[in-house]
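Participant: Residue numbers (our numbering), protein chains in the order written: chain A, 1 to 258; chain B, 1001 to 1206.
You can trust all of the hints, since none of them are fake.
With beta-carbon atoms standing in for the labels, derived distance ranges:
{"id": "1", "chain 1": "B", "residue 1": "Ala1073", "chain 2": "A", "residue 2": "Glu16", "range": "50 to 60 Å"}
{"id": "2", "chain 1": "A", "residue 1": "Leu136", "chain 2": "B", "residue 2": "Ser1059", "range": "39 to 49 Å"}
{"id": "3", "chain 1": "A", "residue 1": "Ala63", "chain 2": "B", "residue 2": "Gly1132", "range": "23 to 33 Å"}
{"id": "4", "chain 1": "A", "residue 1": "Glu89", "chain 2": "B", "residue 2": "Gly1113", "range": "46 to 56 Å"}
{"id": "5", "chain 1": "B", "residue 1": "Gly1074", "chain 2": "A", "residue 2": "Gly99", "range": "51 to 61 Å"}
{"id": "6", "chain 1": "A", "residue 1": "His228", "chain 2": "B", "residue 2": "Val1161", "range": "18 to 28 Å"}
Take a look, some chain A residues computed to stay more than 12 Å from chain B by CB distance:
{"id": "7", "residue": "Ala63"}
{"id": "8", "residue": "Pro119"}
{"id": "9", "residue": "Met159"}
{"id": "10", "residue": "Ser227"}
By construction, these hints were calculated from the structure, which means they are not laboratory data.
Glycine is no exception: its CB is placed at the ideal position from the N, C-alpha and C atoms.
Each chain, letter by letter, is given below.
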Amino acid sequence: MNLQPKPARGEPMLREQSIVRTFVELTDTLVDDFDVVELLTVLAVRCVDVLDVAAAGLMLVNAEGELQVVASSSETMRLLELFELQAEEGPCTECFVTGGPVVHPRLTESDLRWPRFSPRALDAGFHSVQALPMRLRGQTIGALNLFRAGDGSLTEADMITAQAFADVATIAILQHRAVSEAQAVNDQLNHALNSRVVIEQAKGMVAERDGLDMEQSFRRLRAYARSHNLRLVDVACSVIDGSLGTPSLDAKVTRREA
Amino acid sequence: MNGAGIMLMAGDIPQGSLCTTDKVSAFIEESQFALGEGPCVDAYHLDRPVLEPDLANPSTPRWLAFTGPVLDAGVRAIFGFPLHMGGVRLGALNLYRDEPGGLTDQQHADALGMADIATRAVLVMQSNAPLGHIAVELASGADFEYVVHQASGMVAAQLGVSVGQALIRLRGYAFGNARSLRAVAEDVVARRVRFDGVSGEQDPQP
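Bound conformation, chain A alone:
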């Protein structure tokens, strides 16, 4: 077994390295807070670097079930228009509907498959297209679209790599959703914890000023909140910052209880 690093023999080695580098780059961005569009744009650009394609883009389905372009290897109008068109027909739509890969190795001007999409793609200089599904456990959330300048389909190795890229993109999006949900829950938890602290502090203040125990003090705060239609935590905050004096708290409650 030769453990020496192989000399770079041109393309195959470089390609392998850039694929590995792409995965490292993608997983790196997954770790912390990340922007999904930025990550998917990196992915589209890397597709062009690594695979035998001229342009790449990712389309995701929105809440209304429509496909929308989220990232593209270049921002040229001609390319973006090709994605826009696919709201009605084209490789992405077909891929999304079938949930499987779509290949069209030779687009023609009078294409029966995609009569509107194909001439426009040819105008933009693309002669063949493919789309790979972004799928997880039976759910298709979008498609990776690859455009080639020449005829024919991608090699099997390129197809496998492209599908791996699409899979990473899918995981990135799902991870991002999980983090957003986690953020919402954590904000809620923080709020609950802080509210509890404020209420305990207010209980202590009222107890000290009016010579009550904690239970009596809590009842007084709660009664005031209820009779004034306020949230307990807001009453507690007012007590702590001094804007609500304990005498007024007391007076109201006494009148109510009388």
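Add chain B to chain A, keeping to what the hints say.
Facilitator: Showing chain B alone in chain A's frame:
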């Protein structure tokens, strides 16, 4: 490992202990809550594991107030692992041992896995809680040191200062008298200790 505990943090400060396996772990968490420093606090703020394999002879001295009492309690190695998911941070998992020594790679990996499970568990439990409330499953068995906050409110009223300043006074008193913050807080709430020197059995004023 001799013991473990999970500490929740919110608003950048320890909020209390979710669970602990033994008395020493409870003491570790209480000390971090009282002093605002320690491996869990650092793990939370730095968002990475904080490892101290030899607390008695640390390579970098840190946690000046925390270290002494915890050593006295028999802790020799201590580790904090953040509870986080992406950029979301919840608190930290604390592990300790009564002998010095680092974690093996396997132990380190296991600790990361446990912190991950704890994070998910907290999020799942809290996601079902009504707005503004801590999930019942989280609150039961947890110790959020409510008595300390009650005492802060009382001391604030006694001295006419903010609750934040009152907490600092409580901490200062506990540290200066080598008592736990909780014990001092309990004395304040039971009206055995006053901070305004009016009519307590003990007078904490210097």
